[in-house]
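Asker: Each chain is listed here by its residues.
Number of protein chains: 2
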Amino acid sequence: MTPQTQLEAALNGTVTPEMRRVAADEGLDAELLRRRVAAGRVVIPKNHARPTEIVRGIGEGLRVKINANLGTSKDLPEPEPELEKLATALEYGADAVMDLSTGGDLRRTRRLIIERSTVPVGTVPIYDAAVRAAGEKRKLIHLTPDELFEVIEEHGEDGVDFITVHCGVSRRAVELLQDSPRVAGVVSRGGAILTEWIVRNGAENPLLEQYDRLLEIARRYDMTLSLGDGLRPGCLADATDRPQIEELVTLGELARRAREAGVQVMIEGPGHVPLDQVATNVKVQKALCDGAPFYVLGPLVTDIAPGYDHIVGAIGGAVAALAGADFLCYVTPAEHICLPDTEHVKHGVIASRIAAHAADVARGLPGARERDDAMGRARCELDWEKQHELALDPETLADWRERRRPTDDRVCTMCSELCAIKGMRRALYGDPDEDDPGGEAQ
Amino acid sequence: MTPQTQLEAALNGTVTPEMRRVAADEGLDAELLRRRVAAGRVVIPKNHARPTEIVRGIGEGLRVKINANLGTSKDLPEPEPELEKLATALEYGADAVMDLSTGGDLRRTRRLIIERSTVPVGTVPIYDAAVRAAGEKRKLIHLTPDELFEVIEEHGEDGVDFITVHCGVSRRAVELLQDSPRVAGVVSRGGAILTEWIVRNGAENPLLEQYDRLLEIARRYDMTLSLGDGLRPGCLADATDRPQIEELVTLGELARRAREAGVQVMIEGPGHVPLDQVATNVKVQKALCDGAPFYVLGPLVTDIAPGYDHIVGAIGGAVAALAGADFLCYVTPAEHICLPDTEHVKHGVIASRIAAHAADVARGLPGARERDDAMGRARCELDWEKQHELALDPETLADWRERRRPTDDRVCTMCSELCAIKGMRRALYGDPDEDDPGGEAQ
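Those protein sequences? They're chains F and D, same order as listed.
For my numbering, add 1450 to where a residue sits in the first sequence, where the first one is 1.
For my numbering, add 1450 to where a residue sits in the second sequence, where the first one is 1.
For the record, the hints were derived by calculation from the structure and aren't laboratory data.
Since we're looking at a predicted model, the values are computed, not measured.
Don't take every hint at face value.
In this list, chains with the same sequence are indistinguishable; a pair is considered to hold if it fits within one copy or across any two.
[Unchecked claim] 20 Å max Cα-Cα, derived EDC-like pairs, lysine to aspartate or glutamate:
hint, residue 1, residue 2
1, K1589, E1600
2, K1733, E1852
3, K1836, E1820
4, K1733, E1503
5, K1589, D1883
6, K1836, E1852
Start from the sequences, fold in the hints, and give me the full structure.
Answerer: Structure follows, in C-alpha cells:
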C-alpha cells in the first residue's frame, strides 16, 4: 500500500502537513489550498521520500515560483560546481531546481543535489536514458521503452520531486512538424530525442503510448509530472504554430488523465515567443489544460541577445506571470553560449525573481508590494541600512556604494549634494537636517 | 530670420533633409514621415547648429528609440569618464544621450559630449542653473527666472538637441502633492528643485508662467522640448496618482501650445509603475497629449532590486513600448546606488535595446524580426560565426564560448554531444554530418 499523493489526499478531503506548510508560507487558508490541489490548479511537488520542509506550492493564487536549472555536461562532468550553483540558486531564492546533468556520474550528482536541496528537485529522465545508451555505444533511436521506464523508476527511488516527460511529442505532432515551415525545428533535447525516435522507428512515443505505466510510477512516489513541450518554438518565427499547439492539446488531455489517476501534473510552455503572443500562450494553456499550473521557460522575447537572455527571459516571464503563468524557469546569461557558471546562475535567479515578484505585485497578491513600499520609504528617508536589508542582492548594493563612495554619507554619487530626495525633504517636510547645496550663505 | 524648425517645415509641406534621412533609416516614405512630424506625432530632435547626420526620428510608426544618460556629479566631476561612457553607449546602439552633469566644468563637459556624439544630445538646464547657484553659495530657492532662461539660451547656443523642462510642476500639482499620501514624495531632481522653489517662494513655476519665453528660445534653435514629469512616482505605491496625472494634464496642454508655436515636443513619463499599470500610463499619455511622442524612464516594475534595475527597467520598457511608448530612457544597474561606470552604461544600453527591439517585433514593425529569424537559422545550422555576427554583444558570446570550450566545435558545453540541434537535424533533415552520440557502433 503506497501512501496517498497530495492530489489523492486533497480529493479525499485530507489537509496534509505539506498543504498546511504551503498554506502557511503563502498566508492562505489550508482548506482553500486543499480545494485548489484537488482541482488540479495547484501542485505540491514532493516525492514521498523527501521531507515536508522542502515543499513549495505552484499554481493558482500562489506566489509565482522560479526554477533554476543545474547539471553537468559531457564537457564539464564534475558534480562539485553544480553543488556550488545549487547553493547560489538557493541563496538568491530559487523555489525549485532541476538537475539536467548529462555528463559524469549522473546518479551520484542527482543524489547529491537531492540531498543538499532545500527545495523540490526535478529531472528529465530521458537525458539519463540517452546518456546510458550513448555510453554503451548505442544510437538514441535504439533506446527501448523499458529502459526509459526503468530510468524513470530509478529517479522516483532517488527522491526526485518532479520529472519532465515529453509525452505530447506524438506521431501526429511530428507529422505536423515535418510539414511546417519552421525556422529552428526542434530545440528541446527531450523533444529532439523523441522526434528522432519516432521518425526513425516509425512508432508512437513510448511515453504517450504507455502513459498509464508512467502514471503508475509517478503515483507511487508522488512524483509530479511536468508535461514537457518538446516541440516548443526555438525562435520567434516558430511561436504559436500548429506543432506547438497540437502538442499542447495532447498535454491537456494527458493532464486530465493524470488527475484522474491521482497524479499531480503541471504543463511546460515556451520558449521563444514574441512579446505580443506571450499572454495568448498562457491563456490557451489554461483553457486547454483546465487551469493546470503553467511552467514556462522564459519566454524569450527576442533571439538576438546571447549573453543577456536572463533579461530577455525576465521580460517574457514577467508578462507571462501577469497573464497567469505560475512557475518560471530561469534563463541564465549563458543560455545559447555555454553551460552556466555560478555567477551566471546568480544572475539568472535574480532576473527570474524580479519577473516573478513584479507579476505578484501586478496581480495584486496580498502583501506582495510591502517590500517595495518599505524600500520606497527607506529611499525617501535616505536610510541606506534599511535599503541594504530590503535589496534582493545586498552585497552588490554595498559593494558598488563603497567603490563609488559619496562625500556626504546620506546621498550617493549619482547626484551628490544635488540629491532630489534632500531637496524634496526640504520642500515637503521642511526638514532642517537637509542642507541646501547653496550652504550657509543667505 | 531664423531657419524653420522641423515642425514648421513639415507644416509648410517641406520635406527637410533630416526628414529624408530619418525616412531612409526607417524604411518609410518621406512624405508620410513629414505628415507625422506636422501632426506632432514624430519629433526629430536636432539643434540648427548640429549636422544632419546625427538625426533620429522618435514617435509613431518608427523604431522604438533608446536614450543613455551620462554626466558628472560633484563627487565624480571629470569629463573623461563620461566621454568613455559616451563611446560605449554609441557602440551598443544608444539613439540619443543626455548630459546630466552636475559636477566640474559643466559647459566644457557638455560641449565635449555634443562634439563627440553621433546621435542627438539632450540636457536638463535646471541642473546647470542649480549648480551655478550653489557655486555662488546661493540657495536653490533664490534662483531667478532670468538665470534659468539664460542657461536655457546657453544650452541652445551650445547645440543641445532636446531639453528636459519640468513645466508641468504647477502650484496646483504641488498642492495636490502636499495633500497626497505619497510614500516617496518627489524623486526627480528638477521636480524637487521646482517643488521647493514653488513652496518656499509661494510663486508659480517660472517655466510654466513664462512658457512663451521658453517656446521662443526653443523655436530659435529648434531644440525639441521634452516636457519632464517632475512629479513622477518614486516607488510603486505612488504610481498613477493625482499629482502625477495633474502634471500630465498640464503637459498635454503645453504640448499643444508648443506645436502651435512651431516647437517640437515630446512628453516624459514614469518612473516606478506596477506592471499592470504600465500600459495604462502610456494610453493616458497618448490620449491627453494628442499622440505626442512618449519618453519613459524605465518604467521600473519593482523597487527591490538595486544592482539590477536595468532588468527591472527592461521589463517595464518592453511593456510600455508595446503599448505605444516611443523612446525609452535606459536605467543602468547602478541606479539607486551610485553614478554608473562604463560597464554599467553598457549593460543599461543593452537592456534597453532588448526592450525596444522586443517591442518593435511585437508591434509588427516591418523588418523588425529579420535579425531574430537569421539568428534562429544560424542556431539551427550550428553556425557560430553567423551567431556572432548577429548578436547584440558579439564579444561576450565569443569570450564565454572560449572560456568554456566544447570538445566538439559545432556544439556548446550546455549539452555537448547531446545537442538538441544535432538530434533534430538527424531526425528532420537526415543530416549525415550529425553523429549520434552513440557513435559508430550499430
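Asker: Run every hint past the structure and note whether it holds.
Answerer: To see whether the hints hold, each was checked on the structure:
1. With identical chains, the CA atoms of K1589 and E1600 are at most 20 Å apart within one copy only, with a shortest distance of 18 Å there and 78 Å across copies.
2. Neither within a single protomer nor between protomers do K1733 and E1852 lie at most 20 Å apart by alpha-carbon distance, with minima of 46 Å and 41 Å respectively.
3. For a Cα distance limit of 20 Å, the shortest separation of K1836 from E1820 inside one copy, 14 Å, qualifies, whereas the shortest one across copies, 46 Å, does not.
4. Taking the shortest alpha-carbon separations for K1733 and E1503, neither the intra-copy value of 32 Å nor the inter-copy value of 46 Å comes in at or below 20 Å.
5. For a Cα distance limit of 20 Å, the shortest separation of K1589 from D1883 across copies, 15 Å, qualifies, whereas the shortest one inside one copy, 75 Å, does not.
6. Only within a single protomer do K1836 and E1852 lie at most 20 Å apart by alpha-carbon distance; the minimum there is 16 Å, versus 41 Å between protomers.
Violated hints, in rising order: 2 and 4; the structure is consistent with all others.
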